[in-house]
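Chemist: Okay, here's what each chain looks like letter by letter:
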Amino acid sequence: MKPRVLLENKQLEVTLTRLCYQLIEVHNDFSNTVIIGLQPRGIYLAHRIQKLLEGILKKKVNCGDLDITFYRDDFRKKELIPNRTNIDFIIEDKNVILVDDVLFTGRTIRAGLDAMLAFGRPNDVELLVLVDRRFSRHVPIQAKYTGLVIDSIETQNVKVEWTETDKKDRVTLIDK
Amino acid sequence: MSNLSVNHLLGIKYITKNDIQLILDTATNFKEVLNRPIKKVPSLRDLTVANLFFENSTRTRLSFELAQKRLSADVVNFSASSSSVKKGETLIDTVNNILAMKVDMVVMRHSSAGAAEFLSKKVNAKIVNAGDGAHEHPTQALLDAFSMREKLGDLKGKKIAIVGDILHSRVALSNIFCLQKLGAEVKVCGPTTLIPKYIESLGVKIETDLRKTLEWCDVANMLRIQLERQDIKFFPSIREYTMLYGLDKTLLDSLSKKIIIMHPGPINRGVEITSDVADSDQSIILDQVENGVAVRMAVMFLLAGRQ
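Protein sequence lines, in the order shown, are assigned to chains B and A.
Each residue of the first sequence is one higher than the last, beginning at 1 in the working numbering.
Each residue of the second sequence is one higher than the last, beginning at 1 in the working numbering.
Keep in mind that the hints were calculated from the coordinates and are not lab data.
Quantities reported herein were computed from a predicted structural model and do not represent experimental measurements.
Among the clues, some could well be false.
[To be verified] One side only, chain B facing chain A, incomplete, derived with CB under 8 Å: (1) F70; (2) R76; (3) G120.
We put the beta carbon where it would ideally sit given N, CA and C, even for glycine.
Using the sequences plus the hints, can you model the full thing?
Modeler: Written out as structure tokens, the structure reads:
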């Protein structure tokens, strides 16, 4: 089957802007809130959101990258390559927004929660994803902010592309 | 390239350039972990590691143990002096008995060259060589390369001098293999009696003049004179050795460029280097120790990741 485009260009921009305003509704001026993107694919979304928020709020918003390789439960089941963790702020007592591109089984987020706790005890943790693949969860984890909710089957893949690495912004549904 | 080409780390000789780079890159990630408020990751929580030290060690043993604990592995320690080895048990029997207690990985130091390789063929566990006689000490070479890379960037074309007791040094041999695989030039310097005859066949240059060597190099790795391994006199006296091959601040300051000083420890202060050199800003001796934990974490993490 031909890959189906779910989000692209203007549509994606609108979705990202909407997510930002939803965040502002809850977190006001972000004075006590930080964003953490999950490596490897969540960091692009996290930094996009950060830039948009900074544009709207006219102030700096903290955003870090978190690698979760060492916390995964499928270590030894497949080959994993660690990426860079870069969190240069304190998360103790902060409100943390975890950011990833696709929410599927929830296992990545589970590992992300574990990895994040190594940096301190946050006040509150929320999850933001661009695409939520409903009905495919292996662990009881839900996102508070979602760009798009889709119904998909195991044999399908959601591919999120960013200008930074793939030359265009696009979300597609592909049959494996 | 996302995993090691070997099941055991027996020596640098047996691993590829890609393996070395993978270990060093992974160690960078672990170094970041070690700077977090909570310095522990759960990666190896289902693994048991035995540290078998048939020879004395402070740094390596502590470093391995800390690395294992930071990876959440269960650790058992064993030292030859307080064990049944004294009662005449063979190496294979000792290790098999330990493995019968369901141990997945063995870190071993032994005074016989090839002990780790021998073990890897006989037992069903991942083996990490923590030094075998005067043969290899792979994790030391890796942490040395990691520390140099931190200071100098890519080691390709860099000039590294190894000074001192080359003949009895497993650190020297592992360093030579490692640095050459990474594209660096290696020169050894020491009294002729302490430079092995075959060393030139490895593509290493020999120099007997310390000043010339130091003028040439970017990094000087100063080795300890291993008196415990010397059964005959290789030089007339420690004092004479120090006069010819000891590095002091005057010599260091008189060089035309700032070189990096390394030492695998333990230091004999006042013999191979003086205190003011060891504690100077050109010395990265304590960085080496810090990096040792990260590099050993990377080695064990990557070995455990292999099916």
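Chemist: All the hints need checking, so say for each whether the structure fits it.
Modeler: Tested hints:
no.	hint	verdict
1	F70	4 Å, holds
2	R76	6 Å, holds
3	G120	6 Å, holds
Consistency note: the structure conflicts with none of the earlier hints.
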